[in-house]
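K.L.:
Chain by chain, the residues run as shown.
Number of protein chains: 2
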Amino acid sequence: MESIGIVNRRSFLQSLGGVSAAGLLPGRLLAAAPAQGQRVIIIGAGIAGLVAAHEVEKRGGEVVLLDARDRVGGRAWTLRGGDRVRQIGEEDQQVGFSPGLHFDAGPARIPSHHDQYLGLAREFAVPLDVLENSSRSNYLLDAAQPGESGRLRLRRAANDLRGRLSELLGKALRSGSLDQELDGGTRGRLGAFLKLYGDLADDGRYVGSQRSGLARVPGATTGEGPVAVPPLTLDALLANNELAMILFEENILMQPTMLHPSGGMDQLPVAIAAALRSPPRLNAEVREIRRKGRGVRIVYRDRVTGRDEVVEGDRAIITAPLPILARIPNDFSPAVARAIASVRYAASIKIAFESPPFWEAEQIYGGISFVGGDTALVWYPSGAFQAKRQVLLAAYSSNEAAVRLAQHDRAGQIALARNAVEQLHPGHGRDLTAPVVIDWRKVPYSEGPWIEWTDPGNDPQAATALNAGDGPFLFAGSHLSAYSGHWQEGAILSARRAVARATSTTPSA
Amino acid sequence: MESIGIVNRRSFLQSLGGVSAAGLLPGRLLAAAPAQGQRVIIIGAGIAGLVAAHEVEKRGGEVVLLDARDRVGGRAWTLRGGDRVRQIGEEDQQVGFSPGLHFDAGPARIPSHHDQYLGLAREFAVPLDVLENSSRSNYLLDAAQPGESGRLRLRRAANDLRGRLSELLGKALRSGSLDQELDGGTRGRLGAFLKLYGDLADDGRYVGSQRSGLARVPGATTGEGPVAVPPLTLDALLANNELAMILFEENILMQPTMLHPSGGMDQLPVAIAAALRSPPRLNAEVREIRRKGRGVRIVYRDRVTGRDEVVEGDRAIITAPLPILARIPNDFSPAVARAIASVRYAASIKIAFESPPFWEAEQIYGGISFVGGDTALVWYPSGAFQAKRQVLLAAYSSNEAAVRLAQHDRAGQIALARNAVEQLHPGHGRDLTAPVVIDWRKVPYSEGPWIEWTDPGNDPQAATALNAGDGPFLFAGSHLSAYSGHWQEGAILSARRAVARATSTTPSA
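Residue numbers (this note's numbering), protein chains in the order written: chain A, 9 to 517; chain B, 9 to 517.
Looking at chain A on its own, in the form it has when it is part of the complex:
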């Protein structure tokens, strides 16, 4: 099988019209026993828990699915006007968006090669749209640089750079300095190709290109042809601190075509939950995770009634985030408990506003402008183009930048985000209304967006320990996959693995 494309037979098969994974997975997993008569307690109704529940039920098992929140989806959280946003240690916010608007506070885009996710979207008939992740009209903003090199359109950065590099490489070829590297035939073909690649003049110089933008658009008569913007120098390009972000869209996880559910990221969790035989128990805050005989005994507090409830089962699949899990009294082995307690989650903050779409007057429809600093970027909405009110993500700050941003109070963070928009789009900072700030470290029951295994103190061996399981306890979630909590695809892979282990005839170690 080819590289993405069809890199992984399992993922290929699963993307064929939502055929159940159980019917298709090769080898060991196909030998997994059906779960008839098994009762599995699943902690957490995010994507991992929901998929685990769905898989257990498909195999004939019984599920008790618990989530502390009043909704399913976990980090796949879509905000709408009127929603309440709690932040630990701070005042609640109420989302002020107009009716019909929605905003994905957690994950917001799906790569085309995330076959697990897309197979589920197909299976549950969740409509998908393009999530325009990169538009050539977007900006790279370096406020320290003057004029057009500081507020640099992506098209100009990418194409003036390509022109300059092609010009230089052509010169190097002609100078003979690459004669050792490339034979004459290759040099000839490459030289010819570079003219196209860099849109070079006949003499090999780069004198600008319409790819970089137009100083004059084509007009009403044939004489009024387009005129390219003048080319920027290599020095001017290299001086822009955000220049490397032209490669953002080439990251394998960020390439077009990216997708998202048309109605919001929560639409897939909602659809999976609706199809379960045993509906999830919401507002169920787990208080104890115990062994009982060869099985499990889970105590949870019903946050609505205030009463403790007990459920028992043969196995538990635990998808709760590790900071939360570390505080729940349990019967885990010392090694597993240590692994859970050892991991520190990263930081990430999103700040969104409602706004009239002033960016469309600058030919921006979706995509991301990069601004650096502690707010990092501005992400324009995809979908509902030309609607009079839309949601703008004015800051999406992660890791060290998020830690710095969090040192400001909420009003200060909002001001910084508004100012970033003002620098990108002078005069329009004042158009932004109804701010909402989501600091993922302050989200109850999450207390973090994902794990960066390279952060000091974190050791991926912790995930290995959890993935080995602990008697009747199995662990799952994107944080335990090779996606480290960043992508829902990892949650689905991990959940399916956990269910296969939970229902296999050989007892887990």
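It is worth saying that the hints were derived from the structure and are not from the lab. All residues carry an ideal CB built from backbone N, CA and C; glycine is no exception. Honestly, I wouldn't trust all of these hints.
[As the list claims (entries may be wrong)] When the alpha-carbon atoms are kept at most 30 Å apart in a straight line, the in silico BS3-like pairs for lysine-lysine are as follows:
1. B:K66 <-> A:K396
2. B:K203 <-> A:K203
3. B:K66 <-> B:K300
4. B:K179 <-> A:K179
[Claimed, not checked] The following label-pair restraints were derived from C-beta to C-beta distances:
5. A:A343 <-> B:G233: 19 to 25 Å
6. A:G184 <-> B:T441: 54 to 60 Å
7. B:T462 <-> A:K203: 17 to 23 Å
Given chain A's structure and the hints, the job is docking chain B onto it.
P.N.:
Frame of chain A, contents of chain B only:
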């Protein structure tokens, strides 16, 4: 004002929420007299004619808008199941698509900087979606090359090439051969940047990149990380005949974000027509274009009743395609008549099928695969992702390639298109059903897609002659703009220019 962005004050203003052009256009056009009491006969209800009608009515004039077809929109033609497609000299076709599917037989995408078009879409509240014009999962197919260099994913072509070129340029820098071109500071900054740009190894070599694709996707546990595909050699890349098509998406007219009306390209024409005070007269085939006094007298045959009708007015704005116009008896000046008769239109053929979306199993959602030869490309649908039946454009052949394709009979053309899909997606040629062939030279009342001014015998002075007008006769249409008939933006610019001239107080020459 910046380059696209806001390159043209007029287009900037017009894109601000659909404010009427008459209220905003600077200078001479603002001085245009309102059209109170004027009666303008407009020939052709494509985009140009519709916009002209709308503009005349806004100025208080009266319009008679004629179109020979039984629909508005001209080349902005959207096919749906049950529609009849006539082709001059051939059997009719009936479109066999399932309900709910549509296909744009003419223009199918709008650049984000086409402010005239997008302003109208906003004014008439026509919903727009992203038209995914380029996806990294798409292919560059060169059947003469073996294996993965012949059926080459765009992501691999673009990124392996970038890696190889960055590696070579880095070597050239280090060899001193560019010391005359670049000072030491620039060389240092560039060398560092090239490592990011090309995703090079620490020693400056290109050893492959995840940007080019994954041989193994990330798995269910932290140990199962992604593995990049091995890098292709520069020679293998240069050998692929379609390699230059990686630059397709950098053409200023093809860059993301591209858009299209969600319901089909005909939705804007339909909306404009619906808002006219005087509804268009359809099935009105113009038979004579005459002067009468200082005004005009148009004879048309009502194709439904078979009767000739006559309309008179102060001016005519003529948007009919030139091959059609050349055959209508008229009172044009000899110079104008010669200009009209002198132009030969280009050729273009689209071949579409209905199909289950087998391409989604290869992670393709929209975008274009390039296959060369006489069918040129396969264009995957944007929108209705994961729907069980979608419309695939299996050939879009233009100019010399279309002339060659047209030499086959219809069945032969369909077979070639099916075969191109089979080469791209082995085993799936048989999935294609309900073929429809649109050869634009055979479309009644069009007889061609656009004008290539560089074609032998064509002279853009013909457009200049028409743009000068001819007494009470004014000419408009995309073919007379700097867009040469390729883009609806040109039609709108041309129409607005013609209306300004038609309603100005100074009589046209």
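K.L.:
The structure should be examined with respect to each hint, and the outcome stated for every one.
P.N.:
Verification of the supplied hints:
1. Restraint check for K66 of chain B and K396 of chain A: the C-alpha separation of about 23 Å stays at or below 30 Å, so the hint holds.
2. Pair hint K203 of chain B plus K203 of chain A holds up; C-alpha atoms about 23 Å apart against a cutoff of 30 Å.
3. The suggested pairing of K66 of chain B with K300 of chain B holds, with an alpha-carbon distance near 26 Å, which does not exceed 30 Å.
4. In summary, the hint linking K179 of chain B to K179 of chain A is supported, as the alpha carbons are separated by about 13 Å, within the 30 Å threshold.
5. In this structure the hint that A343 of chain A and G233 of chain B lie 19 to 25 Å apart at CB holds, the actual value being about 23 Å.
6. A hinted range of 54 to 60 Å holds for the C-beta pair G184 of chain A and T441 of chain B, which are about 57 Å apart.
7. Taken as a hint, the range 17 to 23 Å holds for the pair T462 of chain B and K203 of chain A, whose Cβ atoms sit roughly 19 Å apart.
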